[in-house]
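K.L.:
These are the residues of each chain, in order.
2 protein chains.
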Amino acid sequence: MKPTITAFERSPDCGRGLARDMRVRWALEEVGQPYDVRLVSFSGMKEPPHLARNPFGQIPTYEENGLVLFESGAIVLHIANHHSGLLPDDADARMRAIAWMLAAVATLDPPIMDRSLCALFERDQPWHAQRLATLDTQVRKRLGELSRHLGDAEWLEGAFSAGDLMTVHVLLRLRGSGLLDEVPNLATYVARGEARPAYQRAFEAQRAVFAASSPQGGTAEGDSATTIA
Amino acid sequence: MKPTITAFERSPDCGRGLARDMRVRWALEEVGQPYDVRLVSFSGMKEPPHLARNPFGQIPTYEENGLVLFESGAIVLHIANHHSGLLPDDADARMRAIAWMLAAVATLDPPIMDRSLCALFERDQPWHAQRLATLDTQVRKRLGELSRHLGDAEWLEGAFSAGDLMTVHVLLRLRGSGLLDEVPNLATYVARGEARPAYQRAFEAQRAVFAASSPQGGTAEGDSATTIA
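Protein chains in written order, with full-length UniProt numbering: chain R, 1 to 229; chain W, 1 to 229.
Treat the hints with care, as some may be off.
[Unchecked claim] Sample of chain W residues lacking proximity to chain R, with all beta carbon distances greater than 10 Å (derived):
1) M1
2) R10
3) P34
4) F70
5) G73
6) R142
7) D152
8) A153
9) V183
[To be verified] Covered, in the sense of this in silico footprint (three residues per stretch, anywhere, with C-beta under 8 Å from a C-beta of chain R), are these stretches of chain W:
10) 51-62
11) 167-181
Just so you know, the hints here were simulated from the structure itself, not pulled from any lab data. Cβ coordinates follow ideal geometry from the N, Cα and C atoms, glycine included.
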């Protein structure tokens, strides 16, 4: 039986691939696992049927033969545990890759998400300029540390892994901020992730959902206040 | 060979158990695994030997027979995978517990950490009250969702798991904010975690480190500006 994931009925990022179902779609594409998608509206996400899937009312979720999962990191780990191609076979290398998955969601994502939310939604707040500068500094610090670890390598720990998948997706939110372009090896790293055929298939799949939901046939509306997911 | 973890030489929370080595200590105590501790100073955390352990220059790290791990969530998962007592044997129940570990670090921790940092370090900003109120609302939303899921249960998914361990530790940072006390079933849940003998042993171990480092013999200095870890 194919697993079923949930995704935004109408993604607030206008199909730019920033919503977290993208991580799960990408992982499923990497391992060649077909899947179904249940689209949920913003109001539907806060109703009992979806809260039973995710107590925090977020997407993505994952359902398969009675198992119900939430948290993109946990879902990607589940997929990686049941298919080859996303985590090394060697036990120690496998844990290192999982550590990078955790670093992506717990160490890199929070300042990047804060920075994005501040840039988009706090423009009229008295603290906007000062706080955005502080957050830019925090993000630059993390990018510098990540860049130093990556060096000239293609991926974080040798071969491509779920750790890279999660990290690349977290970094993609910086597109348009200019911060990623300041760090050439990270900009190349992200581009390397995006160039993977599995990423491309996942991206087109989520984009098609937005296109179908949009009166303009999916033309991104150019309103940066909506480019958050 | 005993594993070695890293912890603050002098924890900025004055031994109140908020630093993230507490999660690893607690997990090791739950499974009865002795461990060694390497203390690192704030400057040492940014130097090459520690950056080789954690590219982001943070504690805790974990070293065991050539394996070097970072990210408290990954370390606790590694411990849980190699000992019984922290994750269910059933595969689906195990993934559910892991999903809660991810929720703790990726969904609950970021707003709680933001709120804590704002309360401590932005007190002199003219917009402090307004921003703190916004963050309180975000934290209350997550607490309400978590409370609804927990209901009258003792633990998040039946038996105590690493998901509870991580969640309780994230919630402990709210102590003193009053926010946790607004949600009785969560306050009880956290107290239930703290009452576990393994938690108590871990707490005393980290507290002893601070006591040994402090000229006052470990008396908490009462300066809330330093109670962050």
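K.L.:
Of the hints given before, which are not true for this structure?
P.N.:
Hints 4, 5, 6 and 11 are the ones this structure does not satisfy, whereas the remaining hints hold.
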